[in-house]
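Place chain B on chain A using the hints.
In order, the protein sequence lines correspond to chains A and B.
First residue of the first sequence: 1, per my numbering; consecutive thereafter.
First residue of the second sequence: 1, per my numbering; consecutive thereafter.
FYI, nobody ran anything at the bench for these hints, they're computed from the structure.
Mixed in with the good hints, there may be bad ones.
Below, a sample of chain A positions facing chain B; criterion: calculated Cβ distance under 10 Å [as the list claims (entries may be wrong)]:
| no. | residue |
| --- | --- |
| 1 | Thr16 |
| 2 | Phe36 |
| 3 | Asp47 |
| 4 | Phe167 |
| 5 | Thr256 |
| 6 | Pro320 |
| 7 | Thr361 |
| 8 | Ala365 |
| 9 | Cys380 |
| 10 | Arg394 |
| 11 | Phe396 |
| 12 | Leu421 |
| 13 | Tyr429 |
| 14 | Ala436 |
| 15 | Val449 |
| 16 | Ala457 |
Looking from chain B toward chain A, a few residues come up when the C-beta cut is under 7 Å (computed) [said to hold, decoys possible]:
| no. | residue |
| --- | --- |
| 17 | Ala10 |
| 18 | Asn19 |
| 19 | Lys51 |
| 20 | Asp77 |
| 21 | Gly84 |
| 22 | Leu218 |
| 23 | Asp256 |
| 24 | Leu274 |
| 25 | Glu277 |
| 26 | Arg278 |
| 27 | Ile299 |
| 28 | Ser316 |
All values reported here derive from a predicted model rather than from experimental measurement.
Each residue gets a CB set at the ideal place from its N, CA and C atoms; glycine is no exception.
The primary structure of each chain is shown beneath.
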Amino acid sequence: MTDRLAPTYRLAPIDTSTFADERAAAGTGVDGGGDFTVIGSVVQRSDARGHVTGRTEFFEDVAPARLAHLKMHRSDRHHARILDVDLSEALAVPGVLRILTHADIPNNLYTPLKLIGVGPDDEPILAVDKVRYLGEPICAVVAETEAAALEGAARVRVAYEDLPPVFDVEEALKEGAPLVNEYHGQNHFIYEGHHCRRIRFGDVEAAFARADHVFEWRYQSAPIEQAPAETTGCVVVPQADGRLRIHSDTQACFFTLDNTALILETPFNKLRIVGGTVGGGFGGKVDVVVEPVACVAAMATDRPVKFVYDRAEEMQVSSPRAAERIYIKDAVMADGRIIGRKVTLYVDAGAYARHTPYGTTKAAAHLPGPYSIPNVWADCHCVFTNRTPSSAMRGFGVTIADFALESQMDRIARALDLDPLRLRLLNAYRDGDLKAHRKVAEGTALVEVIQKAAEMAGHELPEAYRRMSSTTREGL
Amino acid sequence: MALLRGRGYASVNYPTGMNLGGDPSQALIHATTTGTFVISLSSVDLGQGIKTIAAQCAAETLGLPIANVLVDTADTDTGPHCMGTFASRGTHRVGNAVIMAAAEARGVMLEVAAEELEVDAADLETDGTGFIRLKGAEEKRIHITDLALAAHFKHGRTISGRGIYLKEPSAPVPETGEMDPDSCQAHACTAAVVEVDDETGVVEVLELYNAYEIGRALNPAMATQQVEGGAWMGVSHALFETTEPYYPSREHGPRDFAGYLMPGPADIPVQHSLFLERPAGNGPYGAKGIGEMTANAPIPAIANAIFDACGVRLESMPFTPERVLRGLDALRLKVEEPC
Numbered sequence: 001m002t003d004r005l006a007p008t009y010r011l012a013p014i015d016t017s018t019f020a021d022e023r024a025a026a027g028t029g030v031d032g033g034g035d036f037t038v039i040g041s042v043v044q045r046s047d048a049r050g051h052v053t054g055r056t057e058f059f060e061d062v063a064p065a066r067l068a069h070l071k072m073h074r075s076d077r078h079h080a081r082i083l084d085v086d087l088s089e090a091l092a093v094p095g096v097l098r099i100l101t102h103a104d105i106p107n108n109l110y111t112p113l114k115l116i117g118v119g120p121d122d123e124p125i126l127a128v129d130k131v132r133y134l135g136e137p138i139c140a141v142v143a144e145t146e147a148a149a150l151e152g153a154a155r156v157r158v159a160y161e162d163l164p165p166v167f168d169v170e171e172a173l174k175e176g177a178p179l180v181n182e183y184h185g186q187n188h189f190i191y192e193g194h195h196c197r198r199i200r201f202g203d204v205e206a207a208f209a210r211a212d213h214v215f216e217w218r219y220q221s222a223p224i225e226q227a228p229a230e231t232t233g234c235v236v237v238p239q240a241d242g243r244l245r246i247h248s249d250t251q252a253c254f255f256t257l258d259n260t261a262l263i264l265e266t267p268f269n270k271l272r273i274v275g276g277t278v279g280g281g282f283g284g285k286v287d288v289v290v291e292p293v294a295c296v297a298a299m300a301t302d303r304p305v306k307f308v309y310d311r312a313e314e315m316q317v318s319s320p321r322a323a324e325r326i327y328i329k330d331a332v333m334a335d336g337r338i339i340g341r342k343v344t345l346y347v348d349a350g351a352y353a354r355h356t357p358y359g360t361t362k363a364a365a366h367l368p369g370p371y372s373i374p375n376v377w378a379d380c381h382c383v384f385t386n387r388t389p390s391s392a393m394r395g396f397g398v399t400i401a402d403f404a405l406e407s408q409m410d411r412i413a414r415a416l417d418l419d420p421l422r423l424r425l426l427n428a429y430r431d432g433d434l435k436a437h438r439k440v441a442e443g444t445a446l447v448e449v450i451q452k453a454a455e456m457a458g459h460e461l462p463e464a465y466r467r468m469s470s471t472t473r474e475g476l
Numbered sequence: 001m002a003l004l005r006g007r008g009y010a011s012v013n014y015p016t017g018m019n020l021g022g023d024p025s026q027a028l029i030h031a032t033t034t035g036t037f038v039i040s041l042s043s044v045d046l047g048q049g050i051k052t053i054a055a056q057c058a059a060e061t062l063g064l065p066i067a068n069v070l071v072d073t074a075d076t077d078t079g080p081h082c083m084g085t086f087a088s089r090g091t092h093r094v095g096n097a098v099i100m101a102a103a104e105a106r107g108v109m110l111e112v113a114a115e116e117l118e119v120d121a122a123d124l125e126t127d128g129t130g131f132i133r134l135k136g137a138e139e140k141r142i143h144i145t146d147l148a149l150a151a152h153f154k155h156g157r158t159i160s161g162r163g164i165y166l167k168e169p170s171a172p173v174p175e176t177g178e179m180d181p182d183s184c185q186a187h188a189c190t191a192a193v194v195e196v197d198d199e200t201g202v203v204e205v206l207e208l209y210n211a212y213e214i215g216r217a218l219n220p221a222m223a224t225q226q227v228e229g230g231a232w233m234g235v236s237h238a239l240f241e242t243t244e245p246y247y248p249s250r251e252h253g254p255r256d257f258a259g260y261l262m263p264g265p266a267d268i269p270v271q272h273s274l275f276l277e278r279p280a281g282n283g284p285y286g287a288k289g290i291g292e293m294t295a296n297a298p299i300p301a302i303a304n305a306i307f308d309a310c311g312v313r314l315e316s317m318p319f320t321p322e323r324v325l326r327g328l329d330a331l332r333l334k335v336e337e338p339c
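Chain A extracted, bound-state conformation:
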């Protein structure tokens, strides 16, 4: 009898011949003798039925009585001094309960990595005397209804004195460029006394001098939105015992709890985060931007408060994937061996650091890509400009580098009239190779995925290249 409700699954096949010995050695199951019983099997996703039938509860399904709504009044300038904030018209809007400004936030600083000892404290929760990007939050309007909160936010009047903005990463680093953020004192992050995160491995200039060919090209990306189905938000519910229960779609519950407590200057155990079921994140929900101000609003009004981004905020205010500019200069021998690679990377952090200093270091760790290149030099700059702060997004530090690195590989292959896959196989890193960050590579498999992709796509490789392996130096 077949179960007509039994689900069927699309399954990508698993190649069991490659690394067969290592698979067998690692696949002995709990008692050491048999095969796995659950691992490697298709188990239906535990929340699938709830998601497709609409029964899964997300944070917005929490609807406590007397729920108030928070909407932000945001900067309409790229870079300006705030001369005056006039709340009188906004406060007169029926239903407006309270308007929060920077003076209401106990510790008016985002401190995303403070608990693990990483600064900087360069960003206010609500703007104080300056705005540094279009859309920067200035004051938070709390109202009986979402409509009243929106109306109130629209009626806040801010007088500005415009300052010259800077939008281009290389312009921002020039002498005399407008200073984006006084906290830093210059338009880039400082890495332990250095103006950028560096990789220095071998002698790249000597490699250029003895190379048969030198190739240098430039690559550029633009900011990309995480675009989750569910926008960033939270509902804060004051509890009878004085604690706050925060229903949130954060990607990291304790991270949100700890940082919110630091901003509220409350004991950590005053807060409780309830989450874990999220409609997509892709890195967009790790910046702790909605919970702190919603908590202040809930405490100020002693009412549950909801603060959720609308789609426009999600797209233009929520931190995107950073734009990157990458210059790659390669020293290449006539047979295709790359003997030197020099990379200059500019990551556009926008107006504040958020997680971009971390992402820039991650980018440095990724260079020079999955290849064994004996001489590598990289300068990875984390640059401040007058745009929405960038931050985490799926693969940040790596995704755009891969676009540049793999475009570069294709161009080298074409310039030398070499098969692009053979060029990669020739240079692919293998077990035992010392990477540019001086860690010995292990568990590598670039050679094998290239061979398999070639096979799948009907791209013929000569026998010598088909026999190459990540575990030997055959064919090199």
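Quick look at chain B alone, frame taken from chain A:
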């Protein structure tokens, strides 16, 4: 005017876990009196399936059916610390923490079973259907429900365990960049087949051939969903997505999905995906983190395929019709103006 077809390649690797480590996650597990094991976490399921993977790791380690495992997440009052769901770390960190917790609970489970069956715990095994039995004497066995009841009401034992996974934090050497950034590396290679309309500049991705080395496919259906979804995102990044289409200009930023395009059903290429497994020594049952990697190789593969199709080298993302047409115009000018 013509539809020009081309093929491009890209190969990548991707690190598992937060860069430089220092990103712990914990798991606690306990048996209810009727033999259901509850895993307490504070980990977040973004839709990628960490709840299911945690349950699979626990069931495998305990040697019990997955129906005997519940996952309770995420409430900071009841769940132990998790750094968060990012950096391709969930399966690796949380999976390892769950395995450690379940292994401790399994030890207690076998000890209590040994007392109940009056045998040595070392001679016991689980059969995967809910029984703990004597090796070689299968009729001498006890079901987990009876065992859990006995543990609580008769022996006064908790069948429980604690787990944590931490890759110790490291710091880069500022002068050289020497560092220990990752726990392991996953790998991927993409061959993309595209068609470029040289009149409109529109690029259509027809097929993607993807080979992924992922350590171990803990759940082959969810792994398939993750790589196919990730490759889709790569196509989307390549052809459509940006909040600042004329970067570094701040003009013309989209504010909704009418202006911020992503591939719809008709834009999705045929995907041929294959998994390779080279188990990571430090991975849960060998698994590596693959969440982020899967979007990466398609982007340059598509850029390279566009060049193969029409000779336009796109150095800026995304590869919009406008950029393709400007590239084609520049090529024509080059032909007209011999140097």
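Practice item. Run the structure past the numbered hints and jot down the numbers of the failing ones, going up. Key: none
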